[in-house]
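S.K.: Put chain X on the given structure of chain H with help from the hints.
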Amino acid sequence: MIKANAYTFKILRYDAQDPQSEPCFATYRINVIPGLTVLAVLNRIRDEIDGTLAFRSSCRSAVCGSCAMVINGKLDLACRTQVSAFNTDTIILEPLPNFEVIRDLVVDMTPFWRMYDKIQPYLIRHSPVPEKEILQSEAERLRIDQYVNCILCACCYGACPVLAREPDYIGPAAAAKLERFVLDSRDERPAGVLEILNNEKGVWACDTLFRCIDACPKEVRPTDAIVGLRKAIVKNRFQKMLGKAKDEA
Amino acid sequence: MLNHDILIVGGGLTGLRAAVGLCDRFDVGLISKVYPTRSHSIAAQGGLNAALTNNPESRDDSWEKHTFDTIKGSDYLADQDAAEIMCKEGIKIVYEMEHWGCPFSRFPDGTIAQRPFGGAGYPRTCYSADITGHVLLNTLYERAVAKGVKIYPEWFVTSLCIEEGLCHGVIALDTQKGSLIPVRAKVTFFGTGGYGRVFQQSTNALINTGGGIGMAYKAGVPLKDMEFVQFHPTTLIGTNILMSEACRGEGAYLANNQGERFMQRYVPTAMELAPRDIVSRCIQTEINEGRGFDHPLGKYVHLDLRHLGAKKILERLPGIRNISIDFLGVDPITDPIPIQPGQHYSMGGIDVNARCASDVRGFYAGGECSCVSVHGANRLGGNSLLETIVFGKLAAQAIDEDMTKSPLPLPDEKPLLRMQEAMEAKIRRLTEPGRGEKAYKIHAELGVTMTEKVGIFRTRKNLDEALQVLIGLKERYRQVGVSSAVRYMNYELINTLEQEYVLEVAHTIILGAILREESRGAHFRLDFKTRNDQDWLKHTIARIGPDGEPAISFKEVIMTRYQPMERKY
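Line order of the protein sequences matches chains H and X.
Residue numbering for the first sequence follows my numbering, starting at 981 and increasing by one per position.
Residue numbering for the second sequence follows my numbering, starting at 879 and increasing by one per position.
Looking at chain X on its own, in the form it has when it is part of the complex:
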């Protein structure tokens, strides 16, 4: 058995920031299912928002205005106290990352460069060309190396151990060696990322299965607002690789098959820089009404960068250009990029407060796997990188405080040993002959159903159908098997273990979407087209019931000084 004061699961920005914040005072271990620099944080392109006022056009910007934009963008579902904390702390976080070596792009006066982003009143998105996630993740990993954080790379957590309201730690598979190891900790922190790959068309890394969220749910931790899924307006057709909002921030146009900048018909003021939920619906409407282009890989519209000129594209959006060339053979300097909306971000997640604490003692979560909630029904571009680092830091502070005030002892090892035994038995069962079902088939069918029936536009009928498909897939999962009993570098085994949790995550998304009979932010019901504050200005909480089925309850939204109003841009 491995012991740590604090166990962090996830080597992305949130996990690394929490580790860096705790490792001086506690014995910290960080488990990551990939090498930390392979985490999905690396893929973030456009930047992170903070009211630094560096841009000449943002001199009277403030964290309060940033908070207002965030709350309005959230369609008033964000908890306002948490949004305030994030926007205020964001300024410090950007400077801190800069002091740790983060190579931000610069303005001519040597300050950190800031660009406009959707749904924001001022250009406040700090960036490094179009590789902002890459530079932030590298900087934090470098910091973790400098501080000597103990990292377990390529360890896959198979289950979270909670008994009698106390978190005991996890069971992990060392995928290089193949051993199943109980890891006991006084505090366990999850920064395990979002659930993008529940959907077929997603910008997310293949590793973003939502497994950590499903694992927490299965262990009894409630989830919040799972029905809120962000669909990014601009993803490359075929692969659905992200084409950053920075493209539109730098001035790119969206055009339909008539060459029309169609956004002028929907949101004439904000145009291409309306928030993501709105732009995605506009694009999908254009496509549905026959004004898109046809391609064997799917229907699409144009993201046109040509008028920006080669110099600006090469300087500000070099990654976008490389991706377009490598994956579709299109050079944005000479041709428009074929794009379609695709799943991008999970607003919902593990229910935690603004201190990242869950209602289970010794269990905390932050970043995309969590729902604080700072994004509410729709996240603004540039707020996710911000959230990861801010709440990684705040979680570390909260854990430090809690452990100092009332230190938790090292928990009893028996529940972990029992859980290890159960996992051993499950793996043995999976490798028995005659189990004909395969996890990849279940995953693929789930993805198609989620994209088709739980996507940008939702109806009761489609959601009911999705639920039926899901119930069938859960049944089929009982017969799932893997080809080999070898435990090291057995990715089929990992995918199969994870699939159990993925199905639970999908279940909570669908149920939340069925219950929420209104349209708010990214959740759009064609049969309930308007926001209904009277009945639905509240969070959805999904908790696993004694029968294994999700039970849904509700929680008030925390309001401070921003009264809900109609969301117009």
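One chain only, chain H, in its complex shape:
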């Protein structure tokens, strides 16, 4: 028999639609067998103890990005975090920072998706469409690899100290998505479109503290993207000054 260990879960609860509600921690004691994830325990709490507990989940295998939250102070996906990963029998769960809470661990993702929509997050081509695939070398594919891996979980968004003071900042995930297309050998967006980020709410807002890199569960490095976009913007400016800019949107 596997021995279950007793854990205390403290979950920050709040109901934005209830005027009486104040954020406060609810405490649940639960026996957990080794190997169980935080998400599995959350499901058990909702099923067996408190049906009103709100949190998001879908894939339970760290690929869909639904269940990002703060777990004992660390931003991560609840589904891939083992309860036994911490050197303590108390697990504290809080919603993602930098978002408005809707209910308990569920935050309003609208600003995150608004930034995503803003950067034209899709391949832009002007050349005629070939009959077969657009050729791309293995090296060219590798160049976008880390950004392709982003699962849009918003851990980086929650970790970003700039977003904490400047909610209109484009944020790490949207920047990484844009860089994924800028670096894609098939993409033909004019360099001038990066100008929308050439301001204090765009790529220059980043303090390069690398908190986003630290928080990413998929080893994406959004700061690389921001630095890359800065370089591309500066390069485009110089070329424009020298009258060599190839394109203007």
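Quick caveat, the hints were computed from the structure, so don't treat them as lab data.
Below 30 angstroms or equal to it, Euclidean Cα-Cα: the simulated DSBU-like pairs (lysine-lysine) are:
hint	chain 1	residue 1	chain 2	residue 2
1	X	LYS970	H	LYS1112
2	X	LYS1407	X	LYS1433
3	X	LYS943	X	LYS966
4	X	LYS1055	X	LYS1292
5	X	LYS1025	H	LYS1112
6	H	LYS983	X	LYS1319
7	H	LYS1181	X	LYS1028
8	H	LYS1112	X	LYS966
9	X	LYS1055	H	LYS990
10	X	LYS1028	H	LYS1098
Only some residues are given here: those of chain H computed to face chain X with a beta carbon under 7 angstroms:
hint	residue
11	SER1037
12	SER1041
13	SER1046
14	VAL1109
Residues from chain H that keep clear of chain X, each with C-beta distances beyond 12 angstroms, as calculated:
hint	residue
15	THR1007
16	GLY1208
17	LEU1222
In this text, a Cβ means the ideal position worked out from N, Cα and C, and glycines have one as well.
M.R.: Just chain X now, kept in the frame of chain H:
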């Protein structure tokens, strides 16, 4: 009341592809119970099949050969016209997704990379490392954003409204705000995914309850071939997270507790790359006969990648490695992965034709929630991603044609208003005090029963027992209650509403499995061990009767040029 020309339910690959295909000409709304990028399509790993002939070993591949493999893999239950369409259209679809930015892995010559997969005569599975579903779903979502598709994220559809053979739309719960909204549409399209979570041990996302299928059934739409459930050979013990067929495509071994590559005793030619139904039965047999390993989380065999070397594993199967480490603490570079078979895919679903049309006017379905049927009794790996996008596209074309030829008017709103009222009443009832039953208990007991008694090996006795359990659970569902009357972000409420449909889905699976006295593809009866084309080369159709019980009838399989023969690998 919300109105749209076309309402799409489901934000996975099928729903998004249909929306992208229709939004230029029609007013389209897309409802998804999660943000579209959280859909289960994201979890597909290995790839999608198309005869591009990019692999040096597949130069003489063709869509006809792909069709043959698909039909043989289906154990001849697939409709051959539909399989032909899918394999032919598949080539165009892969190029289209590439043109829209899908970051496929590449061969040294810059073409889309292709790897071998089970049951296929040629290496024709196009992939992006082991995150192919992820890149396809992101690409289609990006396309939907580019086209400005109107999306309602985190809206949960509670019921489908069909009256007098005409679909009127749906009732939906806006889970962020908590309001119950009738949505009227000239055409409703379901791309709501499969019924994996009817089973306890499943690779599927938690959201894959089969609710959409049960909802359509309850509204009077017939279901097809529900007894055909795919069990994937290689799922991680404990969590049953998928360990892609790409592992074996790249050369991984299966080994029992004697270190033996046991597949050589069963299928010496195809070995680990025999089709999924066969490999799953082999693994289960090894386990049942005592040649598996014991673990507190269940019995298992080894999926061994070690001989592939660190470079290949890191390059081609990085996701598999991460999952093994995150969820079991096993690094496949140094240790074999403990795996067991688990439910993976729903071959059955809403009965539609190759144009994704059901027999209800104004109601269409595609992808895993539907049964066209292109997979028949067993789906080949790499054909599900293909199906989702191909039939998302074809459904859009069919709806466009139908709406152009004989446009449907906006339906009467009264049936929707009545249905909304009934749903309001049901929710009120669920939150009355003193209703002691809980949906999660019913769901858990159903899952255990389905895995134990309606799994890889089936017998009349076990199936009868499963039916008795199911009838008891349906009875208990009448007493089900939820803790809170709050309607926003009330997941207990959503799960409870969904459970009603899940029970119906399970009912049709069990009944189909009882009736089908033969073994074909993934449906294996220990008391009827062979395929019986004489009596059973036909589809099972389940329709809800006036008494609320399923009534089963049958439908011919459409044959073109592939005559049934013994299925040998």
